[in-house]
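Student: One letter stands for each residue in the lines below.
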Amino acid sequence: MAGSGTAHLRDRDDIVLTVEDLVVEFPLGRGRKVHAVSGVSFDLAEGETLGLVGESGCGKSTTGKAIMQVPRPTRGSVRLRGRELTGLHGDDLRKTRPQMQMIFQDPISSLNPRRRVRDIVGEGLSIWNRDRDGASRSRVDELLSAVGLDPETAGGRRAHEFSGGQCQRICIARSLVLDPDVLICDEPVSALDVSVQAQILNLLEDMKARYGLTMLFIAHDLAVVKNISDRVAVMYLGKVCEVGPAESLYARPTHPYTNALLAAVPRPDPEAGSTSVPLEGDVPSPVDPPSGCRFRTRCPRAQERCALEEPLVRPVGEDHFVACHFPVHAADAPADAVAGVATMS
Amino acid sequence: MSAPDDAAVPVAPNRTGALVGADAERAGPSGTAAAELQAGTQTGVTPLTPDPPAGRRKRGKGVVYWFCLGWLALVVLAAIAANWLPLPDPNAIDIINKTAPPFSEGHLLGTDGLGRDILSRLAYGARVSLVISVAAVAVGIIVGGTLGMVVGYFRGRLETAVMAVIDVILAFPGLVLLLALVAFVGQSLLAITVVIGFLSIPVYTRVARAATLAVSQREYVLAAGLMGGKTTRILFREIMPNVILPVAAFGLIALGVVIVLEGSLAFLGLSVEAPAATWGSMIAEGKRHLDDAIHIALIPSVVMFLTVLSLNLVGDVLRSRFDVREANL
Amino acid sequence: MSIAAELPVPPATPDPVDPLLEVRDLHTWFDTPRGMVRAVDGVSFTLRRGASIGIVGESGSGKTVLSRSIMNLLPKKAAVPASGEVLFEGRDLRPMSSKQMRSYWGPQMAMVFQDPMTSLNGVVKIGRQITEGLRQHLDLSRQDADAEAVRLLTSVGIPAPERRLGEYPHQLSGGMRQRVTIAIALACGPKLLMADEPTTALDVTVQAQILDLLARQQAERSMGMVLVTHDLGVVANRTDDIAVMYAGQIVEKASTRTLFRRMRHPYTEALMRCIPRVENPSHTRLDAIPGRPPDLAALPVGCRFAPRCRYAQPECLAENPPLFSDEPGHEYRCFFPVGTSAGAEALERNERAGSTAAGTTMDLLTKASA
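Chains as they are written, first to last, in my numbering: chain A, 1 to 345; chain B, 1001 to 1329; chain C, 2001 to 2370.
Isolated chain A (complex conformation) (with noise of 0.2 Å):
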């Protein structure tokens, strides 16, 4: 799973965001490093929606990051619009902002608690001058309702005065006061309860049909990330196990970490069994990951290749991929004739 390649990208003209080898690692001192991703490739085509998944440490809130350059990814290639990001410097960097925007985890930190909703929410106009003329606060006005409050009552309220759900709706409208293309959705609901993070999930929907937005939708939950997603990449240890799209990367996981991740969700229905323990041990420090592929001290199909040979991206099906030797669904086929026969569809 070490899941390097780039055999899923897409050659379509609708592509708005192209993720190649990108790698952020972090400076630990005396040579050693965090390798907090490792090579990760995606893209995403106009209007959909891809989910980035995966356990915690797997990397997937830093490359939401360094996509949009903080941090700087170490190396790989990150294109809007066809447009190299991460060449850029200072104002020219600076005048790709509009074009894509990001919500936290943490919507009470993401809210600067000394200025009002209105000033907040149009704070992108007044940075790009767009506020000439009262078109700001009809702006505002638009956007505040779109996502479900009332101008007039919230508008002149600090963020204190709100619950953590309508806290991240003032996230959501401010990220969309620009108008962006692209929307990095880093772990927008798992700070909310679960009946709040049905309302949001849906206003995400909602603002998505309404403003055509491409979305980068980071979370831990797969009931969560299959909900809101059109395709789902599967991240591990900095390094992508699985894409595909959504229905058939559910129905039939291929990569053995995503049949794992699968079968440890709780299922709110007592009928469904106690599910086995799919997986031992944790996730090993990105300071010093396994070789060859990242998953093979947890996983229960490791071989001895695993270790020696870091598996590539390949196709297992229409639009779907998977970095493994032994993927699961082709349990008995040998690997190489499983990639035979995809390379033949």
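Honestly, the hints are just simulated from the structure, not real lab data. Incorrect hints may have been included.
[What the hints assert, rightly or not] Chain C is faced by these chain A residues, among others (derived, beta-carbon under 7 Å): (1) 55; (2) 246; (3) 282.
[What the hints assert, rightly or not] Coverage of chain A stretches by chain C, computed from C-beta distances (three or more under 8 Å per stretch; other residues unrestricted): (4) 172-178; (5) 185-195; (6) 228-237; (7) 253-263.
All figures in this text were calculated on a predicted structure; none of them were measured in a lab. The beta carbon of each residue, even a glycine, is placed where N, CA and C say it ideally should be.
Starting from the known structure of chain A, arrange chains B and C on it as the hints suggest.
Tutor: Same frame as chain A, now just chains B and C:
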């Protein structure tokens, strides 16, 4: 199964009588957001993590706080209005009436060793204390606060260099440095203010830097950058409003420290030159009469004590109010 | 129709099922500047020896305060002198001082918290943290205690336990730390284990391991277990009974199977419906529950869920429903329960009117994002 509402039996009646819509007038968004808000906490002050609603007790902001505030108001008023108040000349020497006890005729708080009116000298002395403390704190906040905010935000080598200098200044014994500087610069009000202000810069730099480091981690700072905001804009709009409060709260308490510092200088004979009245010099002069007229030293001491205590208490209350709000965010 | 008869007044005869823990009409209130916060407001339940109960609720439902009230862990000053009893093997724990409780914490009842780092001491070696309780309560020698600690760490699935004894908490991963806190909780062989969101801070794969571990230990030691969580999925097939809490009260309580098969309270139903499921296709519109739970300092007179409820009728706004029961062991706090003719009629009335008695429009209550 029949409808349960006629067959079922209440097993644990538990009638509650609570306020209905107590917060209705504070209700937030309505209309499109009606549903979000109508369900209960329509209020601004919803605790966001109410699960452990543990003891946020009422703060003792009662009588003592108001007394302190009143005392500070009195001191400030006296300092400002000293010229217009029906007070004798603070420097008018009257040897015949020297060391008069309090409540003597014409001298409400008595006179000092040279027969000067103590009340009058206290009022004029308040000026010196206030001017020195407010100006020194202002210098500290403006210079030190800005420096701390800038290095806290940019980090890097600039921070290392600035903090090294700050540490060196802080490592110096403050009073000795003060004495040296005052001896060098002179004993005018301006000189003393500038010197104390300069010496307080490092502390504010540290406070502002610590606050900035914390604020910079917040995601709204990142969000402002991702929106395309320029650095100066982020510093002034996102960071400064959040840093200024802890720094100012610290400054309020530092006012007291500066007043005491002036007293120490005066005691060593290095404050504003005589005969100008300062609280510190009044105490210093009173020490000669500790045996026969203890009030000469005692009264300015009590005034200084009350002022510093009031500053600390008021500062504490303001700071804790600010902290509570911050904790609530 | 059978009628449950768990009266609020304690029965004179000893309970035939020999309950390990009996909570009777427990109230825990806090006096705050905002008013009286009624965090736990009349909660009753019984836990048999060796049985488990899941307490499910969102933040602000009072589930955490409930678990701390049972453990007698709340500072006495913070809580208003409250009514109700917490009977542990028949003795009321509420009036006990911390000093008296110390003989209970450990050998009788133990707790596992959400964040292992807050319950572990960061500067003390793991070995000492485990053996401390052993030596104090069981009076073991150092060697015996060390041997017991190794055995405990092995039983909670920690590899190389001898080496771990000499390590500090920060040297372990989150999952391993939670295993250590479980080992510490189990050290003195408690009769009751209180687990407050023990897996919320953990990843799904580790969560499954820890939940399995807890279930296994509970069965092996025939401990009573109270598992507090916000996630219905976590308790669905791991506890015998489930109590759903809302705004300080238990709104529905039943055996796990009954609760899922015949849920009666609209909140339970809504909670089930708003969770995204991996089985459902992508972009399935979620049945969000509009609004938020009420402020515990300003509770409505009527049913606390009424403003968010699809079934709400005028009656619901006038009076907070008491607990009803239509089969043994199944209680719910609703006048118009789900799956009954009264509930169906109430829903139909509201659908016809387009809004509920609480004034919430039905559109909002179905496919809303608001």
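Student: Hint by hint, note whether the structure agrees.
Tutor: Against the structure, the hints:
{"no.": "1", "hint": "55", "in the structure": "holds, 4 Å"}
{"no.": "2", "hint": "246", "in the structure": "holds, 4 Å"}
{"no.": "3", "hint": "282", "in the structure": "holds, 4 Å"}
{"no.": "4", "hint": "172-178", "in the structure": "violated (count 0)"}
{"no.": "5", "hint": "185-195", "in the structure": "holds (count 3)"}
{"no.": "6", "hint": "228-237", "in the structure": "holds (count 3)"}
{"no.": "7", "hint": "253-263", "in the structure": "holds (count 4)"}
In this structure, the one hint that does not hold is number 4.
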